[in-house]
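Colleague: First to last, the sequence lines map onto chains A and B.
Note that our numbering has the first sequence beginning at 10, numbered continuously upward.
Note that our numbering has the second sequence beginning at 10, numbered continuously upward.
No lab work stands behind these hints, which were simulated from the structure alone.
For clarity, every value in this text was computed on a predicted model and none was experimentally measured.
Accuracy of the hints is not assured; some may be wrong.
You can't tell identical chains apart in this list, so a pair holds if it fits in one copy or across any two.
Calculated cross-link-like contacts (lysine-lysine; reagent style DSS-like; alpha-carbon spacing at most 27 Å) [claimed, not checked]: (1) K269 - K209; (2) K233 - K209; (3) K294 - K209; (4) K223 - K233; (5) K294 - K233; (6) K16 - K209; (7) K233 - K269; (8) K223 - K294; (9) K233 - K142; (10) K142 - K269; (11) K142 - K85; (12) K233 - K85; (13) K209 - K142; (14) K209 - K223; (15) K269 - K223; (16) K269 - K16; (17) K85 - K16.
2 protein chains.
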Amino acid sequence: MQILDGKSCAGQIRAEIAAQVRQLLAEGLRAPHLVAVLVGDDGASETYVANKVRDCDEVGFNSTVTRLGADASEAKLLALIAELNADDAVDGFIVQLPLPGHVDEHQITLAIDPAKDVDGFGPSNVGLMCLGKPAFLPATPNGVMELLARHDIETEGRHCVVLGRSNIVGTPMSILLSRNSRPGNCTVTIAHSRTRGLAKLCASADVLITAIGKPHFVTADMVKEGAVVVDVGTTRLADSSRPSGFRLVGDVDFAQVAPKCSWISPVPGGVGPMTRASLLQNTLKAYRNRTRQDDV
Amino acid sequence: MQILDGKSCAGQIRAEIAAQVRQLLAEGLRAPHLVAVLVGDDGASETYVANKVRDCDEVGFNSTVTRLGADASEAKLLALIAELNADDAVDGFIVQLPLPGHVDEHQITLAIDPAKDVDGFGPSNVGLMCLGKPAFLPATPNGVMELLARHDIETEGRHCVVLGRSNIVGTPMSILLSRNSRPGNCTVTIAHSRTRGLAKLCASADVLITAIGKPHFVTADMVKEGAVVVDVGTTRLADSSRPSGFRLVGDVDFAQVAPKCSWISPVPGGVGPMTRASLLQNTLKAYRNRTRQDDV
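Chain A extracted, bound-state conformation (with noise of 0.2 Å):
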């Protein structure tokens, strides 16, 4: 069994950026920059935001955090879109969700131009990817994509089950592995909670891609003998004997699942890391097409 090790690929990734982005300092070019809209004081979002100012300080980019009250109207929320959209300093931004419940977090996404749009969750992004052209992926089935890739998993010809139906995962996960590519060529299977027969299904996948944030839920009897199993599913619990007081569990139970797979991903240290690079990539990537330069 070996590691699909998203802390150290993303580290990797984040690398070649840094890399990137003083050669164009080097040449006397502006540093790329991400914006960041926090509405309210949701506590996970803050961190996951801290998270974010913080790669970006590491390779390199400015970054702004711009905070809204968790009152503030959608009117207000949309405004500040606009500003953004229309703001030449700005390369891509993200509104982290979720937002409050009085604001409509489609007529927010619908917002945002497709060309900042880093978190690739508006429309015109999800149908580009659909349809196989350049586009800003979403950022964790982006994130799987890479890790498999870096670690030279062949896919080709193997039956993938994807676990989870989301927008942001499992959608365009099946869609992304099932298409013409490398990684891709999978035999793509989306399960779900109207699936029947559901271990049986898990048990017949070469790889395991699992999104539905159910700690533990994957076992053993569910997983093929040499299958590569993914874990998106990352679900905060109650810890106390932690700083942060909580720990993150993935949808598969690590211990008894590990020995059975060729190749596994941890939580933490699997698809986190890889899921904050992918917003890394995706912010370069709208610079540099603002900047009208080739794409990398």
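With chain A fixed as given, assemble chain B onto it according to the hints.
Modeller: Just chain B, lined up with the frame of chain A:
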């Protein structure tokens, strides 16, 4: 074995639309207007467009066919699209594919105003579909969904194999059938040229949807007893005994396969008429969106 009767369903849909158009006219409103752009003189494209015009006539839509020569430049086609986008008297338009080799089809689909993209081929509509939001659905997958719905086929929890991963049929079909809707909630496997053990996989399907364009590829051994089979493939085979000089043949060897099925769609008279009816549905929807009427 029962027939998924696309010809009859499509007739029903046209009758429903015709009744709505009569109602619009009775209220003193104008009829919906579809424009078809035909570039060059491909025989099959001529037939498809002629059929679309006939369908419009039957339901009371206005229709216009705008022709460009096979040597028309991409710039000329883009200028025509800009005119159609701006023309208030046009509710929706399609550019009949395939286009001559010197025209980039992706640039064409990008240029069409998403509000008039009644083929649903542009990234904006594809993305909205993928996100489960209101969109113009691509005609063939939408036609299959209607065909299943109008025959009251239960799909929830059933294993559906989609054979083919094209942008306009296989991939959107897999998305629509996997989502939480009715029909839908299938466990969907998307299979393609790189799939291993294809016959066995197909034989495990409760619902089999074939969209590969290989005449009689699906034989009886590839179909489970009691399966629902939807044959999207249509290939024109030369047939001198027909006035047209050809006959349409599906992906499924109907004579062999039909006796094993609970339901099966024939070719012709299955998905083809449903695809045509979908374009009418999308055009009426575009009209209602544009004229700010409630969607029906």
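Colleague: Treating 27 Å as the Cα threshold, decide for K223 and K294: within, between, both or neither.
Modeller: neither (33 Å within a copy, 40 Å between copies)
Colleague: Given identical chains, is K16 near K209, meaning Cα to Cα at most 27 Å, within a copy, between copies, both, or neither?
Modeller: neither (31 Å within a copy, 39 Å between copies)
Colleague: Regarding K233 and K85, is the shortest C-alpha distance of 27 Å or less found within a copy, between copies, in both, or in neither?
Modeller: Cα proximity of K233 and K85: none, with 51 Å in one copy and 56 Å across.
Colleague: One pair to classify: K269 and K16, alpha carbons no more than 27 Å apart. Within, between, both, or neither?
Modeller: This pair counts as within: shortest intra-copy Cα distance 22 Å, inter-copy 52 Å.
Colleague: Which holds for K233 with K269 at a C-alpha limit of 27 Å: within a copy, between copies, both or neither?
Modeller: within (7 Å within a copy, 32 Å between copies)
Colleague: Between K223 and K233, at a C-alpha cutoff of 27 Å, which is it: within one copy, between copies, both, or neither?
Modeller: For K223 and K233, the Cα distance is within 27 Å only inside one copy (20 Å; across copies 33 Å).
Colleague: Classify it for me, K294 with K233: is the Cα-Cα distance of at most 27 Å met within a copy, between copies, both or neither?
Modeller: neither (38 Å within a copy, 47 Å between copies)
Colleague: Within a copy, between copies, both or neither: which one fits K142 and K269 at a CA-CA cutoff of 27 Å?
Modeller: neither (37 Å within a copy, 40 Å between copies)
Colleague: At most 27 Å between CA atoms: does that hold for K85 and K16 within a copy, between copies, both, or neither?
Modeller: neither (37 Å within a copy, 51 Å between copies)
Colleague: At most 27 Å between C-alpha atoms: does K269 with K223 qualify within a copy, between copies, both, or neither?
Modeller: within (20 Å within a copy, 39 Å between copies)
Colleague: Evaluate K209 and K223 at a C-alpha cut-off of 27 Å and name the case that applies: within, between, both or neither.
Modeller: within (18 Å within a copy, 32 Å between copies)
Colleague: Check K142 against K85 for me: Cα-Cα at most 27 Å, and say if that holds within a copy, between copies, both or neither.
Modeller: Between copies only: 24 Å across, 33 Å inside.
Taken one by one, the earlier hints fail for this structure at numbers 3, 5, 6, 8, 9, 10, 12, 13, 17, listed in ascending order.
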